[in-house]
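Participant: Letter by letter, the chains look like this.
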Amino acid sequence: MSDSFFGFDTTLPPLNVDQSTGLRTGEQQDETEEEEVERKIKDFSLESGENFEDYEQNIDLDQLEEEADDLNDETFGNVGDIGQDFDFTESTAKIVDTIKKEEEIYVGRRESTMSDKGEEQSRRRPSYAALWGNDSDIIFNGKSNHSNEIVGAPSLSESPISPSIWGSFHAPSSRTEGGIIPTSFENSHHYTPPQTSPPPLGFGPPLHPSVRTPMSLEEIEAQLHRQAGVPEKRMLSLAEVEAALLSINGRPPPPQHLMYSNNETPFRDHENPNFLEQEAAYREQEAAYREQEAILFHKEKKRRDRQRKLVEMSRYNGLMTQSDKDFINRIQISQLVTDDPYADDFYYQVYTAIRSRQPQPSISTFSPQLGGSGFMGHERGRHRSRGSESGLLKMQQQVLRIVNDARRKPKLTQLSLEGALGKIALNSVRNPRQLLQVSSKSNDIHHVGPSNGSGSIHSQHQKIPSISSHGVIDHRKILKSIENVYTAVLALEELRRNQPPLPRPYADHERVAVERWNEDYVELAKTMWEELRVTEMSGCYPHPFISVLSVAKGKKVIPRVIRHCLPEQIFNLITVLVSNFETLDVCKGAIWGPQGNVSPAMLEEVELFMNTVVPPLLQFVAESPLRIVIGLFGLFIERNNIVWVARSKVGLAFLTMFLSRAEILKQGGGAMQGLPPPEELEMIQWQDLYNRLFSLLQNHFLSLYPPFMIGIDDMYVWQFLAAMAVGASTEQQHVLVTEVRERVLETVIQASRLSADKASHKIANVNLFLNALGLDASQLKV
Amino acid sequence: MLFYSFFKTLIGQQVTVELKNDLAITGILTSVDQFLNIKLDEIRAVDDAKYPHMMAVKNCFIRGSVVRYVQLPASAVDTALLQDAARREAQQPTTGGAH
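Chains as they are written, first to last, in full-length UniProt numbering: chain A, 1 to 782; chain B, 1 to 99.
Don't read these hints as lab results, they were simulated from the structure.
Watch out, some of these pointers could steer you wrong.
Partial list, derived from the structure: chain B residues whose beta carbon lies under 7 Å from chain A [what the hints assert, rightly or not]:
| id | residue |
| --- | --- |
| 1 | Met-1 |
| 2 | Ser-5 |
| 3 | Phe-6 |
| 4 | Gln-34 |
| 5 | Lys-58 |
| 6 | Arg-63 |
| 7 | Ser-65 |
| 8 | Arg-68 |
| 9 | Asp-78 |
| 10 | Leu-81 |
| 11 | Ala-85 |
The beta carbon of each residue, even a glycine, is placed where N, CA and C say it ideally should be.
Please construct the entire structure, taking both the sequences and the accompanying hints into account.
Facilitator: Set out below in structure tokens:
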């Protein structure tokens with residue numbers, strides 16, 4: 001038999017080096033294996049009580065023959081001498097081409113091909129060859145498997161020759177010797193795990209090792225059984241092997257397992273109630289698997305969807321070249337690009353500057369494509385990596401070119417083609433189609449001609465609280481001059497932003513630049529000051545500057561104006577304001593009557609005045625020497641009906657401002673600001689003024705308060721009274737207390753009825769005054 | 001360009017865009033261009049009961065010409081600066097008639 005085995009082998013197509021080495025090791029392996037097989041058979045026969053003597057003898061015979069190695073050459077040489085029973089190669093060699101062609105099909109439907117025994121003889125081999133050939137390829141390619149894992153070695157050695165082993169060796173022997181096959185098979189299961197365990201290693205696609213390999217094993221087994229006529233129960237043993245295999249693999253594929261448990265549980269339920277626990281475990285496992293599966297399925301679906309979309313989109317990949325894209329970009333950018341971001345993108349630029357306090361880039365574009373914010377500045381570019389920096393640089397250069405182009409040829413707003421009827425309007429983002437066509441000519445007529453639009457002018461006059469007895473001050477003129485102030489202020493602010501650096505020595509152009517900047521600045525500041533009309537002596541009433549302050553935006557511009565003013569100019573401004581105080585809208589319009597008749601709109605104006613005009617003036621006064629305070633204070637008392645003015649919030653605020661500053665200076669607070677201590681004469685002058693104010697306000701202190709129950713915060717009054725009280729003599733303090741005693745008590749009583757935080761505020765207000773007198777609200781007995 | 005400049009500062013803020021077809025969409029402004037086309041993210045129709053089909057939409061692009069109003073977050077608007085910007089816009093020499 002072994003002869004036939006070897007004889008069979010010699011006619012095989014030439015082997016490559018790997019295969020031949022595998023063959024050789026396989027021979028050695030076979031010898032040792034056969035010894036092992038004998039031993040096992042003996043053991044088995046002892047255990048099972050069956051008599052395998054015949055088989056042993058047979059095997060012994062074989063071995064005896066095999067031992068006669070000296071005749072091997074002859075045997076190999078004379079294939080023909082040996083019976084045709086074993087000459088499979090010759091028969092197969094005839095149909096080798098057809099086999100090769102049909103190989104794939106047979107692999108596909110191996111089971112169906114086994115029906116016919118006669119055909120099976122010839123066909124089995126190619127199907128095996130396909131099986132083994134594929135697998136041996138994989139094994140040979142994965143040499144590391146062979147060298148590292150002992151398990152892999154036998155399979156490697158067996159694989160090249162196994163077609164002949166199984167095709168010729170086992171098949172005939174089993175036909176004649178029935179029982180051997182199962183035994184050897186079981187043995188092989190015992191001592192050569194490679195036969196079962198290699199499949200997951202090298203066989204088949206790695207994704208489904210246990211699905212495919214058992215199939216092939218089963219198939220092999222089925223064929224063997226068919227040939228040997230072995231009873232069906234051996235199949236079960238193989239199934240057991242398979243189960244063992246699965247458990248050895250450690251990680252059975254979830255779906256298969258799931259199916260298994262699905263099928264099993266009902267049976268077990270009926271057959272054996274002891275399995276309840278196991279069943280619960282199964283169920284749990286099942287649920288876990290299902291969950292996992294659902295998640296996996298979901299993920300997979302998502303991934304597929306995305307993949308599909310990507311594929312869909314990738315159809316359009318490369319539709320545009322880079323230069324196409326650049327061209328489109330340029331079209332878009334050229335609409336947005338500007339050489340002066342502060343002119344065209346003012347809001348964004350200043351807003352981001354205010355919000356983020358970041359240094360302003362010198363060049364900027366509008367484009368949202370360039371960097372997230374549409375900024376492209378040196379400041380930011382510096383922090384970028386080299387690659388993106390060069391990209392940015394390129395973009396920047398492009399932008400510069402566009403800017404220069406745009407500068408060279410100013411945009412046309414209209415285009416008249418030759419022979420065309422009418423004109424073509426070139427509307428763009430910068431030049432939108434105008435919905436309103438207001439001709440400036442008619443506007444001028446309306447403005448200049450007094451008869452032409454008198455109605456509207458009158459209505460304007462009613463709006464502004466001005467007495468137009470001497471010389472009509474056109475409200476529009478005031479608005480116009482305020483706008484001019486704004487224009488100048490904006491220009492000044494822009495100049496400030498673009499202030500050239502201090503000139504280095506010997507750098508004439510820098511010095512010239514600074515000089516020019518200074519000239520521009522002085523010029524603009526002068527324009528602004530003139531437009532503010534502070535020094536205008538037109539003799540009209542109210543003073544033009546007061547008219548400016550009567551408009552909300554006129555108030556708002558003051559803090560920005562003062563930043564560009566010289567101290568003398570501020571002094572001028574405050575002098576004009578103080579001497580015309582009672583004509584101020586927030587003064588004359590915001591005096592509380594007994595019923596409280598100040599409109600909410602006016603209260604808003606008052607708040608605006610307190611928040612915009614007062615703070616910069618307060619700052620100026622807070623740095624002034626006593627001489628200036630006395631001057632302003634004197635003017636204030638002299639030029640205004642102080643009892644009336646003091647009833648307005650702003651009037652009282654100004655009085656408080658002067659009083660507290662004078663008090664600070666009297667107590668030597670000016671030393672901290674580098675001011676000399678006030679002279680004796682100034683102290684006397686101040687005291688005179690104070691006494692005058694006190695006598696003026698005497699018997700009117702209570703009228704300074706806003707109506708009691710109106711809900712207006714009267715803190716400013718308490719502040720004023722505190723300022724008065726600090727500088728007051730004992731008799732004056734007594735007068736003060738007597739006059740406002742009622743109000744103090746009322747407030748404290750009211751506070752006792754209010755919630756805690758409101759009450760504490762009220763009490764704090766009262767304490768402002770009482771503390772100045774050295775008293776406290778808690779001492780009062782209500 | 002003032003409006004473009006203005007809307008750029010609102011990027012990242014929540015706005016409500018009222019369209020000329022009375023659909024009002026609240027969402028986070030992601031981008032705006034010179035035509036005042038608007039891109040919104042995390043959108044929600046103000047009246048979802050009336051526009052149930054908008055429930056599934058998470059972001060959108062709105063053509064500038066179909067916008068009627070945009071409701072802005074007051075805290076994100078610097079009105080004083082806006083006035084200045086309007087003044088500057090008016091001052092530009094080309095703005096008088098053409099720009």
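Participant: Compare the structure with each hint and give your call.
Facilitator: To see whether the hints hold, each was checked on the structure:
1. Taken as an interface hint, Met-1 (chain B) checks out: its beta carbon lies about 5 Å from the nearest beta carbon of chain A, inside 7 Å.
2. Evaluation of the Ser-5 (chain B) hint against chain A yields a held restraint, the C-beta minimum of about 4 Å falling below 7 Å.
3. Checking Phe-6 (chain B) against chain A: minimum C-beta separation of about 5 Å stays under 7 Å; hint holds.
4. With a cut of 7 Å, the hint placing Gln-34 (chain B) at the interface with chain A holds, because the nearest CB-to-CB distance is about 4 Å.
5. Among the interface hints, the one on Lys-58 (chain B) is violated; its C-beta lies about 16 Å from the nearest C-beta in chain A, farther than the 7 Å criterion.
6. Checking Arg-63 (chain B) against chain A: minimum C-beta separation of about 15 Å lies over 7 Å; hint violated.
7. A distance limit of 7 Å between C-beta atoms decides the matter here; for Ser-65 (chain B) the minimum to chain A is near 12 Å, and the interface restraint is violated.
8. Because the closest C-beta pair between Arg-68 (chain B) and chain A is about 16 Å apart, greater than 7 Å, the hint is violated.
9. For the restraint placing Asp-78 (chain B) at the interface with chain A, the shortest Cβ-Cβ distance is roughly 6 Å, inside the 7 Å limit, so the hint holds.
10. Using the Cβ-Cβ criterion of 7 Å, the hint placing Leu-81 (chain B) at the interface with chain A is satisfied: the shortest such distance is roughly 6 Å.
11. The beta carbon of Ala-85 (chain B) comes within 4 Å of a beta carbon in chain A, closer than 7 Å, and the hint placing it at the interface holds.
Violated hints for the displayed structure, listed by number in ascending order: 5, 6, 7 and 8.
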